[in-house]
Amino acid sequence: MKKRLTSTIAIAMIFAAFTSCNNSGKTNGQSGALSSNVAEKVYVAPGEYDEFYAFISGGYSGNLTVYGLPSGRMFKEIPVFSQFPTSGYGYSEETKPMLNTSHGFIPWGDSHHPDISQTAGEIDGRFIFINENNTPRIAKIDLKTFETTEIIEVPNSAGNHSSSFVTENTEYVVAGTRFSVPIPQRDMPIKEYKGNFQGALSFISVAPETGNMDIKFQVLMPGFNYDLSHPGRGKSHGWFFFTTYNTEEASTLLEVNASQNDKDFIAAVNWKKIEEYVNNGGGTMMPADYAHNVYDEHTHTATSTMKKEVRVVNPSEVPGAVYFLPTPKSPHGCDVDPSGEYIVGNGKLSANLTVHSFTKMLAAIEGEKFDGEAYGIPILKFEDVLAGSVEQPGLGPLHTEFDGKGNAYTTFFISSEVVKWKLGTWEVIDRKPTYYSVGHLTIPGGNSGKPQGKYMFAMNKITKDRYLPTGPEMEHSAQLYDISGDKMELLLDFPTHGEPHYAAAMRADLIKERSQKIYDLEDNKHPYAAKSDDDTKVVRKGNEVHIYMTTIRSHFSPDNIEGIKLGDKVYFHVTNLEQDFDVPHGFAVLGQNTSELLIMPGQTKTSVWEPTKVGVWPFYCTDFCSALHQEMQGYIRVSAANANTPLIWSMGEDIE
Amino acid sequence: MDFSLSPLSFNAKNIKYHRLRIMKKQNIIMIVAALLPLGLFLFPLWRITLEAPQYPTPLAMNIHVNDFSDVHPHDIKNINLMNHYVGMQYIPEAIPEFKIFPTGILITSFIGLLIGWKGNYKWFLGWFILMLVLSAAGMYDFYLWEHDYGHNLDPKAIMKFTNKDGTVMGFQPPLFGTKDILNFKAHSYPQFGALFLGLGIASGFLAYFVGKKNKSTA
Chain A
73 MKKRLTSTIA IAMIFAAFTS CNNSGKTNGQ SGALSSNVAE KVYVAPGEYD
123 EFYAFISGGY SGNLTVYGLP SGRMFKEIPV FSQFPTSGYG YSEETKPMLN
173 TSHGFIPWGD SHHPDISQTA GEIDGRFIFI NENNTPRIAK IDLKTFETTE
223 IIEVPNSAGN HSSSFVTENT EYVVAGTRFS VPIPQRDMPI KEYKGNFQGA
273 LSFISVAPET GNMDIKFQVL MPGFNYDLSH PGRGKSHGWF FFTTYNTEEA
323 STLLEVNASQ NDKDFIAAVN WKKIEEYVNN GGGTMMPADY AHNVYDEHTH
373 TATSTMKKEV RVVNPSEVPG AVYFLPTPKS PHGCDVDPSG EYIVGNGKLS
423 ANLTVHSFTK MLAAIEGEKF DGEAYGIPIL KFEDVLAGSV EQPGLGPLHT
473 EFDGKGNAYT TFFISSEVVK WKLGTWEVID RKPTYYSVGH LTIPGGNSGK
523 PQGKYMFAMN KITKDRYLPT GPEMEHSAQL YDISGDKMEL LLDFPTHGEP
573 HYAAAMRADL IKERSQKIYD LEDNKHPYAA KSDDDTKVVR KGNEVHIYMT
623 TIRSHFSPDN IEGIKLGDKV YFHVTNLEQD FDVPHGFAVL GQNTSELLIM
673 PGQTKTSVWE PTKVGVWPFY CTDFCSALHQ EMQGYIRVSA ANANTPLIWS
723 MGEDIE
Chain B
-4 MDFSLSPLSF NAKNIKYHRL RIMKKQNIIM IVAALLPLGL FLFPLWRITL
46 EAPQYPTPLA MNIHVNDFSD VHPHDIKNIN LMNHYVGMQY IPEAIPEFKI
96 FPTGILITSF IGLLIGWKGN YKWFLGWFIL MLVLSAAGMY DFYLWEHDYG
146 HNLDPKAIMK FTNKDGTVMG FQPPLFGTKD ILNFKAHSYP QFGALFLGLG
196 IASGFLAYFV GKKNKSTA
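In order, the protein sequences belong to chains A and B.
Once you know that position 51 of the first sequence is 123 in our numbering, the rest is easy, because the numbers rise by one and skip nothing.
Once you know that position 90 of the second sequence is 85 in our numbering, the rest is easy, because the numbers rise by one and skip nothing.
The set of hints was computed from the structure by calculation and includes no laboratory data.
Small disclaimer: the values here were computed from a predicted structure and weren't measured.
Errors might be hidden in some of the hints.
Taking lysine-lysine and the PhoX-like style, the derived pairs with C-alpha atoms no more than 25 angstroms apart in a straight line are [said to hold, decoys possible]:
#1 B/K72 - A/K603
#2 A/K453 - A/K477
#3 A/K589 - B/K72
#4 A/K113 - A/K609
#5 A/K589 - A/K522
#6 B/K113 - B/K19
#7 A/K432 - A/K494
#8 A/K216 - B/K72
#9 B/K180 - A/K589
#10 A/K609 - B/K72
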């Protein structure tokens, strides 16, 4: 054996020597030309724009980052589920309600799968949705302002992982649970999991005009783990598919105990049928406790409402609503091809990649060819629904995306590669390594009927030696590939922020045109806004002091304030009077126990300060706003609690 | 048929008709000339544009006969913000000219229509000269305003600049053309309204010219 290996290597080396001898000049020339060609493909000249936006989840950063492709440049981090001191999100009085939950204020989240809104099966670039995994929530980001404008908590869910994917007209954004839990939550022994825990699949309706979210219904499924999901589209529009693992219903040492069954399931949910059932009064309202947080861009303020009930549906009571498709070995990704015919179950412990056929599934349901049932849900026969399988394409398949030209691209975590294969013939066309251990991959237009298949990028879990070292903790790496040809071509390696799980990407034009430059000051309906220097004032209400303050290049008004006493709660309501693109002002006061404020033109934000020391404390603009930024400052005088300092304020004159 | 003779019998009549038509032509031109300046109420007269590296979309202000307007939303506010650094006054919401200019245009258009109707081509020259004088006066007024705007600076200005000869630097935009002012490149060019006015004035002269030519040939 060893001998054979050695001789093989020897032959290979001789062969290599030969080829390099014969073509040395040519090869060098080629690689030179080739590499410069690659550089050109990702080079976006100064001042020019990228062709695509990529919205990459920040994972445990709780946020969403915005990148340009093909350059791999990061443009923005959008705060979603985590406090963000850079802008004051989650610190300012206006945005604190965004992070309210039934468990109280939560400063952090684990964001996972962004998905862009769609119209008629095509990405429309209006909103982007993203799920919070830990304390289940779904957020909506308005792509006009690139701000989080709505967050809804998902009750009865735990580990909100098979989320947040939208149906082809954004009728629903869907959130499935990873953990099954007691529903309703109660005090019970963990070992009584089996048969008692349930998994909720939540269908959150999205209002067509406003995008407002509301939980329409939750399907209470057997106590499996619902891992990932995708909507049917085209012919399979009206269905939703969820991968499951732990159909063993184990509650401990899942790495072993949940890996015993030869096959788990893909749950096929006919949501149109359940919607009809619910519209006819089906299902039951059960008590629940969940927060619905909405940001109003006119008042620049979020409100949090606690909701008290949710409609739940027992799937066994809705005939034809849910079926199980046996799928080998703890499938992870559940991906539907652009035509809606093929449902790929990425069996992460399986040697082969399983693809189901929607048409065959319908036929099997029609023929009632069931292989038993689980908790009243019919199980279809594996052979009856199987479209085909890709034989031994790699190790540890996780996720598949499509280029819209009949090809699929699957990531393999263990063998650290992306494999391109053909739908229908199931043949492997190409494979390229990733660096290292790839999780998700994204093709712009991914979850839609019309992928924009020019690039694909792989988001990796392990970075190791890809960049200059930065100590033990490193940002994760991503690789961009050109997929316009038969073979994939690695173009670029770029770091991402946080732990990118998934990304949504699309052509830039639609979003670029609509991106807002400023907030109109005229439209500012914030109750504490000062829309001109004349509106500025300081008002005391007991021990609360409200400062109606304005900023404009390059001063605060008022900038001298006296009469604050220890024990006061001082509200700085700062309105940015600027109406010019990209002229924010910042606000920070010495000893502030919260973050700065970064206020966009036309916006009002509020910071609360409870001074703890007598003195004269400075405040200043934190954003280098103008040539006189350094002069943009002021003083606030804090007197003893029993002092008689009158409440006075001014700007441009000395306080008497 | 004898074609050569038959028109002769109508010759005198034809000539008269022909003359009538020519007289009408110059009057029509005069009426058009009198109407054209009304385009100033539809289109801006002038535009001042300020370009700087930080303003990939330049700041610009349209000057109408009765208003200053933003070219892009909030441009005037942002021009004021820029200008306060060097102590320039705010561009006023309204100036007396916004009442004088429209009245002047309405009166001259009315006069133009009247003489166009009355039909003595010599008056057309008078109208033409009147318009030239008034336009020149308007431009001079504009220059005076610009000069004041660019030189009457707040003594407490944040930034003060001097010319090489030691005099205080002014920031007057050009009357016509392009000029560098500190980090800005200022452009000052007529707009559609001015074109209407110019065409109106030129048409007034044309009406006179056609009338005069017609008289000499007659």
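Hints, one by one, checked against the model:
no. : hint            : in the structure
1   : B/K72 - A/K603  : holds, 14 angstroms
2   : A/K453 - A/K477 : violated, 30 angstroms
3   : A/K589 - B/K72  : holds, 16 angstroms
4   : A/K113 - A/K609 : violated, 56 angstroms
5   : A/K589 - A/K522 : violated, 30 angstroms
6   : B/K113 - B/K19  : holds, 11 angstroms
7   : A/K432 - A/K494 : holds, 19 angstroms
8   : A/K216 - B/K72  : holds, 24 angstroms
9   : B/K180 - A/K589 : holds, 24 angstroms
10  : A/K609 - B/K72  : holds, 23 angstroms
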